[in-house]
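Put together the whole structure using the sequences plus the hints.
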Amino acid sequence: MSDRAAPLATAWSAVATLAAGVVVSSCMLGRGADPTRFYVLTATVPPSSSAPGSLGIGLGPIAMPGYLRRPMLVTRIDGTQVRYADFERWADPLPALFARALGQDLSTLLDGARIVPYPWYPTTPLDIVVLVDVGAFEADVEGNARLEACWTIRDPRTATVRRGDCSSIAEAVDEADARAQVAALSRAVGELARRIASAARP
Numbered sequence: 001m002s003d004r005a006a007p008l009a010t011a012w013s014a015v016a017t018l019a020a021g022v023v024v025s026s027c028m029l030g031r032g033a034d035p036t037r038f039y040v041l042t043a044t045v046p047p048s049s050s051a052p053g054s055l056g057i058g059l060g061p062i063a064m065p066g067y068l069r070r071p072m073l074v075t076r077i078d079g080t081q082v083r084y085a086d087f088e089r090w091a092d093p094l095p096a097l098f099a100r101a102l103g104q105d106l107s108t109l110l111d112g113a114r115i116v117p118y119p120w121y122p123t124t125p126l127d128i129v130v131l132v133d134v135g136a137f138e139a140d141v142e143g144n145a146r147l148e149a150c151w152t153i154r155d156p157r158t159a160t161v162r163r164g165d166c167s168s169i170a171e172a173v174d175e176a177d178a179r180a181q182v183a184a185l186s187r188a189v190g191e192l193a194r195r196i197a198s199a200a201r202p
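My numbering numbers the first residue of the sequence shown as 1 and each following residue consecutively.
Just so you know, the hints here were simulated from the structure itself, not pulled from any lab data. Be aware that one or more of the hints could be misleading.
[Claimed, not checked] Pairwise CB distance ranges (calculated):
no. : residue 1 : residue 2 : range
1   : 195       : 157       : 22 to 32 Å
2   : 167       : 67        : 14 to 24 Å
3   : 80        : 121       : 41 to 51 Å
4   : 84        : 53        : 33 to 43 Å
5   : 72        : 133       : 13 to 23 Å
6   : 33        : 143       : 21 to 31 Å
7   : 174       : 120       : 34 to 44 Å
The model shown is predicted, which means the values in this text are computed figures rather than measured ones. A virtual CB, placed ideally from N, CA and C, is assigned to each residue, including glycine.
Here it is as structure tokens:
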């Protein structure tokens with residue numbers, strides 16, 4: 001390399017290093033903190049101090065329409081339109097969260113009943129099977145959280161339907177934020193559990 005080429009190469013190397021630093025810094029500044037927040041449904045029936053009961057309940061499957069299976073929280077705009085939240089998401093698939101909260105509430109309401117989530121082994125001892133078909137489960141722009149679901153209680157051996165109903169439940173959303181929406185939806189699940197438990201009692 002000639003004496004003139006060496007300083008030129010050094011200068012170009014410095015420029016390239018500086019440019020790379022600017023690009024990295026811009027990316028870091030542009031990315032910032034992730035604003036996404038994650039939510040779970042919770043049991044809302046006050047826990048009982050009673051010993052575990054003998055009733056065995058197979059819970060599931062929990063059926064939901066496709067629009068509820070997305071990870072984002074959804075708000076009902078009107079009869080035909082919904083809106084998804086960009087940064088408010090479920091921490092797990094919604095059917096799993098729904099089944100977990102419903103199962104905990106049912107267990108409490110039915111004196112510590114043993115809840116077995118779907119799927120289970122054919123030899124699993126069960127007294128009843130509860131199936132739920134959710135049609136709607138979201139907050140709306142008017143400040144209500146609504147749950148529409150049809151449910152059946154079946155004999156685990158014969159699949160005979162013992163009881164069944166379709167429930168339409170509305171809970172007021174206390175504040176205009178996602179946390180309040182999720183809390184209201186959890187209360188709606190608790191109310192559904194009360195209706196199912198009332199029908200499931202011997």
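Tested hints:
1. 195 / 157: 22 to 32 Å: About 24 Å separates the Cβ atoms of residue 195 and residue 157, which means 22 to 32 Å holds.
2. 167 / 67: 14 to 24 Å: holds, 20 Å
3. 80 / 121: 41 to 51 Å: holds, 43 Å
4. 84 / 53: 33 to 43 Å: Given range 33 to 43 Å: holds, Cβ gap about 40 Å.
5. 72 / 133: 13 to 23 Å: holds, 22 Å
6. 33 / 143: 21 to 31 Å: Cβ of residue 33 to Cβ of residue 143: about 30 Å, so the range 21 to 31 Å holds.
7. 174 / 120: 34 to 44 Å: holds, 37 Å
Violated hints for the displayed structure: none, as all numbered hints are satisfied.
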